[in-house]
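Let chain A serve as the given structure and place chain B on it in line with the hints.
Here are the chains, one letter per residue:
Protein chains: 2
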Amino acid sequence: MEMEGIKLPKGFYYGSCLCHIKESSQKEDVALIVSNTMCDVGIVYTKNIVKADPLLLNQQTLQDGKAQAIIVNSGNANACAKNGMENAIKEQQAAACLLDLKPQDVIVASTGVIGAELPVEKIEKGLDQIHLNDSESAFEKAAIAIMTTDTKMKIAQASLQIGQQTVRIAGMCKGSGMIHPNMGTMLAFICTDAKIESSVLQKLVQKLTKKTFNRISVDGDTSTNDMCIVLANGQAMYDTIQEEEESLFEEALFTVMKSLAIQIASDGEGASRLLEIMVTHAKNEKQAEQLAMSVCSSSLFKAAMFGKDANWGRILCAMGYSGAVFDVNGVTVSFSSKEGEICVCQKGKGVSFDEEKATKILSADRVQVHIDLQEGNAEATCWGCDLTYDYVKINGDYRT
Amino acid sequence: MEMEGIKLPKGFYYGSCLCHIKESSQKEDVALIVSNTMCDVGIVYTKNIVKADPLLLNQQTLQDGKAQAIIVNSGNANACAKNGMENAIKEQQAAACLLDLKPQDVIVASTGVIGAELPVEKIEKGLDQIHLNDSESAFEKAAIAIMTTDTKMKIAQASLQIGQQTVRIAGMCKGSGMIHPNMGTMLAFICTDAKIESSVLQKLVQKLTKKTFNRISVDGDTSTNDMCIVLANGQAMYDTIQEEEESLFEEALFTVMKSLAIQIASDGEGASRLLEIMVTHAKNEKQAEQLAMSVCSSSLFKAAMFGKDANWGRILCAMGYSGAVFDVNGVTVSFSSKEGEICVCQKGKGVSFDEEKATKILSADRVQVHIDLQEGNAEATCWGCDLTYDYVKINGDYRT
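Taken in order, these protein sequences are the chains called A and B.
Position one of the first sequence corresponds to residue 975 (the working numbering), numbered consecutively onward.
Position one of the second sequence corresponds to residue 975 (the working numbering), numbered consecutively onward.
The set of hints was computed from the structure by calculation and includes no laboratory data.
One or more of the hints may lead you astray.
A pair counts as met if it fits within one copy or between any two copies, since identical chains are not told apart.
[Stated by the list, open to error] Under the rule of at most 27 Å between Cα atoms (straight-line distance), these lysine-lysine pairs were calculated in the DSSO-like manner: (1) Lys1321 - Lys1056; (2) Lys1232 - Lys981; (3) Lys1282 - Lys1056; (4) Lys1021 - Lys1260.
Same shape as in the complex, but just chain A (with noise of 0.2 Å):
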């Protein structure tokens, strides 16, 4: 699998521009992401049963499992919002009016302040700005684009041969606080030249949206406004996936997907570091992932993680309330890092270990957490961030 640089999809174009949604923002602010000919669609939407109006409008236009055309801003969720609904065919119209499509194959998404109404008016005259290209500065501006809080541009990219084929993926996503999917995730926009139909893309997003974007989490808030898209345009094959090869796209699937979902765990609002939790030996993957999720959602935990302190007893006590069962005395808790690894706790008890070696292995930018169940063969990883003064400063902050 090649991963050096992005190889973008055949048959993809991207724009960005600047539409000042909100009166003080000088980054772009407004993208689309458009394939020369129809698309396959697989999606998923959050759980959070207040839904933004452009996830309902989607809902309605894509029953169909087609689509050609994304149009997303940021800074504004178009959530709760006076005229949401209108606002956001109003969004869907601008981009279908300029790049000659029917309304219902564009798909809207939204990103920023929950209740504010949608400036569209400032979208419909500044789309009247944006040129298409397929190259790759175009897909990170794009990339850069849909950002609010991120203090990074997000894109993953895999390949994959079927038959003499080259069959490419790459993806883009923005997420950074409000961060704790469920069964949803966040805005993820994910393009390939694989022809494949959309109900078997359907499955492949569903599923592995449980293994990558629903086992982050940065603060426990499910967004109103999260959505993982992937469009294929078919481009690189003549035939569709056979069921035999649909293993090895899965595969591929999966990379962009899992390295979209850890690059916002770990660029969460103020994080300082990337936790890593790692659950093995469970009885099924459902408790060691409700067991990691959990753990990774821990204020507590996360807290003494920004301060570089191992202390091992807040993983326990977000273990013991996840809901799942599990025999606290066949617990191994240890901490790893570039830095070195250490056990501090085994048979759920603490056993000393050397406190500056472990804040060294703490103060890694990527911190991972084995626990050892010690009960089975299954096992899950999730990941978050720790939790930083600078968290609270973003979000006490004014309406980010």
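Chain B only, in chain A's frame:
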């Protein structure tokens, strides 16, 4: 109901001493609460499946519903700790020996860091200095000895008339971080001179815990050591409380438990203000409680409150992922405090409001959030606090 000052129930004695359980601590860290006759007991424990050894010990010794004393240490939770059960038993025996009681009539409670071995010999030695007294100052000193990161002593009192007899209830509790009780509660110790059977008391404590300690959250973390204990020694009454008098006693006990719960929420680690989330016109109490608790636990909402930012979108978002079903199009949200009241959302959409006035209202040290569902006649109130830099500081600091 008289509320001025502490009026203590008859026949209870209090003592405290400094054992240096944490080397550095200069605050008294062991407390005794003793009745001069045997008590009926009502008790609820944390539902965290990782339970500290003192709790497991109490579950054994309280099977008869009777006890006469409580020993509490702060500075060490004796949870997931080496020789945990052995040390809990030693602590129990040390108190029993001093008080000339049977060990099984002494309740043990511990609070502090998880995972460290309890230096029980320091407690055994320190108990020699203890003097028991039924004065208010002894009661208050005991309430201070059980504090950990608490900044304020937490006590509450109520009294009631049953026939010609005055019955008194007085409680103390500790709790500041790792606060998100689940069917159990914080460390709370409540004494009463009512004569009431442990089976009745148990039923009342369980019922009232759900409406008080289970409706507060500081950080979403449910502790391994939570307990709420009520001791009733019957010394104010000749006859056991009759069924028709129960509601009077229940009301007074509710007053004490609710006051203690609110004191915990308002002294949440690093908190700068108490948040009171009131959901009204709900279909049923469970729906109201689920929605209020979800808002009360949202890091994003709590950070907004720290920033005095009326970012009500985060309230709707937290309601949306609470698990409760409701119609977002019926929701009205307003904020109030001693500075006034302001409506920010009607029928699920933002309304324009005076931002300056909102900031002023949110600057008070006690802020109410009113969420009206317009679906029925049930309601619930939950209590929490804002998320501040100091929460992160306190919990990032080495092994708090």
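Hints and how they fare:
1. Lys1321 - Lys1056: For Lys1321 and Lys1056, the Cα distance is within 27 Å only across copies (10 Å; inside one copy 56 Å).
2. Lys1232 - Lys981: Answer is within; shortest intra-copy Cα gap is 18 Å, inter-copy 61 Å.
3. Lys1282 - Lys1056: between (45 Å within a copy, 23 Å between copies)
4. Lys1021 - Lys1260: The answer is both: 19 Å in one copy and 20 Å across copies each meet 27 Å.
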